[in-house]
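J.: Construct the entire structure; sequences and hints are all you get.
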Amino acid sequence: IEHLETEELAKLEDVLFGFWAPYAAIISTPNVEYNVLFTNSPKVRSWEHKFEWTRKEFQDWALKVASRYNYKVEFSGVGDPPPEHKEIGFCSQIATFIKDYNESEGSINAKKQCKSVYEMMLHSLYPSIQQKEYFRKAVWREVRKNMEVLKDRFLYLQNKTEESEQDQMTDASDNSAPSIHHFFMDAFTIEDQCLQDDALKPYMQGNYVYVPLEALLKFPDVTKLCDNLDDIRDVLTDFNILSEDSKAIVYHIETKDEIDEARSLWYRTIY
Numbered sequence: 010i011e012h013l014e015t016e017e018l019a020k021l022e023d024v025l026f027g028f029w030a031p032y033a034a035i036i037s038t039p040n041v042e043y044n045v046l047f048t049n050s051p052k053v054r055s056w057e058h059k060f061e062w063t064r065k066e067f068q069d070w071a072l073k074v075a076s077r078y079n080y081k082v083e084f085s086g087v088g089d090p091p092p093e094h095k096e097i098g099f100c101s102q103i104a105t106f107i108k109d110y111n112e113s114e115g116s117i118n119a120k121k122q123c124k125s126v127y128e129m130m131l132h133s134l135y136p137s138i139q140q141k142e143y144f145r146k147a148v149w150r151e152v153r154k155n156m157e158v159l160k161d162r163f164l165y166l167q168n169k170t171e172e173s174e175q176d177q178m179t180d181a182s183d184n185s186a187p188s189i190h191h192f193f194m195d196a197f198t199i200e201d202q203c204l205q206d207d208a209l210k211p212y213m214q215g216n217y218v219y220v221p222l223e224a225l226l227k228f229p230d231v232t233k234l235c236d237n238l239d240d241i242r243d244v245l246t247d248f249n250i251l252s253e254d255s256k257a258i259v260y261h262i263e264t265k266d267e268i269d270e271a272r273s274l275w276y277r278t279i280y
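Numbering (our numbering), first residue to last: 10 to 280.
Hints are supplied without guarantee of correctness; some may be wrong.
What the hints assert, rightly or not - Taking lysine-lysine and the DSSO-like style, the derived pairs with C-alpha atoms no more than 27 Å apart in a straight line are:
(1) Lys210 <-> Lys146
(2) Lys65 <-> Lys52
(3) Lys233 <-> Lys169
(4) Lys95 <-> Lys146
(5) Lys256 <-> Lys233
(6) Lys146 <-> Lys256
(7) Lys52 <-> Lys81
(8) Lys52 <-> Lys154
(9) Lys121 <-> Lys73
(10) Lys160 <-> Lys146
(11) Lys154 <-> Lys59
(12) Lys108 <-> Lys95
(13) Lys210 <-> Lys169
(14) Lys65 <-> Lys121
(15) Lys81 <-> Lys108
(16) Lys52 <-> Lys95
(17) Lys81 <-> Lys146
(18) Lys154 <-> Lys169
(19) Lys210 <-> Lys233
(20) Lys95 <-> Lys65
What the hints assert, rightly or not - Restraint-style ranges between C-beta atoms, simulated for each label pair:
(21) Asp247 <-> Lys227: 21 to 27 Å
(22) Tyr127 <-> Asp239: 33 to 39 Å
(23) Asn168 <-> Asp239: 33 to 39 Å
Calculated directly from the structure, the hints in this document are not laboratory data. Quick reminder that beta carbons are idealized off the backbone N, C-alpha and C, glycines included.
T.: So this is what it looks like as structure tokens:
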């Protein structure tokens with residue numbers, strides 16, 4: 010409530026306790042008495058705060074509201090003061106309001122039978138990660154994103170290594186050509202860390218790149234959804250991208266001849 014102007018706070022009382030009249034409401038606000046423990050003892054803790062109250066000011070306000078709108082109120086707080094300053098109270102003070110009446114069963118049933126005065130204008134359903142189908146799609150999305158980055162990084166470094174070797178063969182006396190170790194020197198990314206670990210590093214067989222599934226456990230985007238490799242493997246089985254032993258994701262890499270053939274077919278189709 011410390012973010013509200015005086016006029017807005019007065020309106021909050023009427024809207025919250027008069028119109029909505031919830032069974033319970035919890036309101037918290039800074040305890041200005043605690044500010045003496047902060048550097049320079051500020052009058053308020055943030056420029057956004059319109060006011061900060063002492064415990065008495067907060068309790069007087071809460072008791073007035075409780076009396077006006079028929080609530081009981083209990084006071085508590087969070088942020089214990091140091092033992093030598095127990096007298097200043099909590100860092101933040103809390104008032105818990107409970108409606109001071111017992112509604113009859115007949116009244117409750119009558120409300121249930123009442124037709125709502127509101128008309129449904131829009132209905133949005135937000136999927137939960139607890140839903141099996143959404144969970145599988147979410148895991149697949151993160152796996153595909155991170156594994157493709159790792160695969161592309163691997164291929165990039167493979168090409169760089171081949172270029173380096175060709176340069177060295179062309180001019181054996183030139184020692185300035187970079188080696189694969191040069192490209193691995195700064196392993197700042199997760200992808201580069203995987204590429205330096207033989208158990209996690211992708212490898213090639215023919216025109217296929219194999220990315221070990223264990224590398225997935227290095228990526229926080231994946232592990233925050235699922236950190237069990239067997240469960241991840243179960244999800245990926247549906248997408249037909251696993252190796253025969255289910256230990257790696259397999260990517261087909263088109264050769265130059267395949268690319269040229271595809272282009273030729275495209276031209277023949279167009280012209």
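J.: Confirm or reject each hint.
T.: Verification of the supplied hints:
no., hint, result
1, Lys210 <-> Lys146, "25 Å, holds"
2, Lys65 <-> Lys52, "16 Å, holds"
3, Lys233 <-> Lys169, "33 Å, violated"
4, Lys95 <-> Lys146, "53 Å, violated"
5, Lys256 <-> Lys233, "21 Å, holds"
6, Lys146 <-> Lys256, "20 Å, holds"
7, Lys52 <-> Lys81, "30 Å, violated"
8, Lys52 <-> Lys154, "50 Å, violated"
9, Lys121 <-> Lys73, "32 Å, violated"
10, Lys160 <-> Lys146, "21 Å, holds"
11, Lys154 <-> Lys59, "46 Å, violated"
12, Lys108 <-> Lys95, "31 Å, violated"
13, Lys210 <-> Lys169, "16 Å, holds"
14, Lys65 <-> Lys121, "41 Å, violated"
15, Lys81 <-> Lys108, "6 Å, holds"
16, Lys52 <-> Lys95, "20 Å, holds"
17, Lys81 <-> Lys146, "48 Å, violated"
18, Lys154 <-> Lys169, "23 Å, holds"
19, Lys210 <-> Lys233, "22 Å, holds"
20, Lys95 <-> Lys65, "16 Å, holds"
21, Asp247 <-> Lys227: 21 to 27 Å, "23 Å, holds"
22, Tyr127 <-> Asp239: 33 to 39 Å, "47 Å, violated"
23, Asn168 <-> Asp239: 33 to 39 Å, "34 Å, holds"
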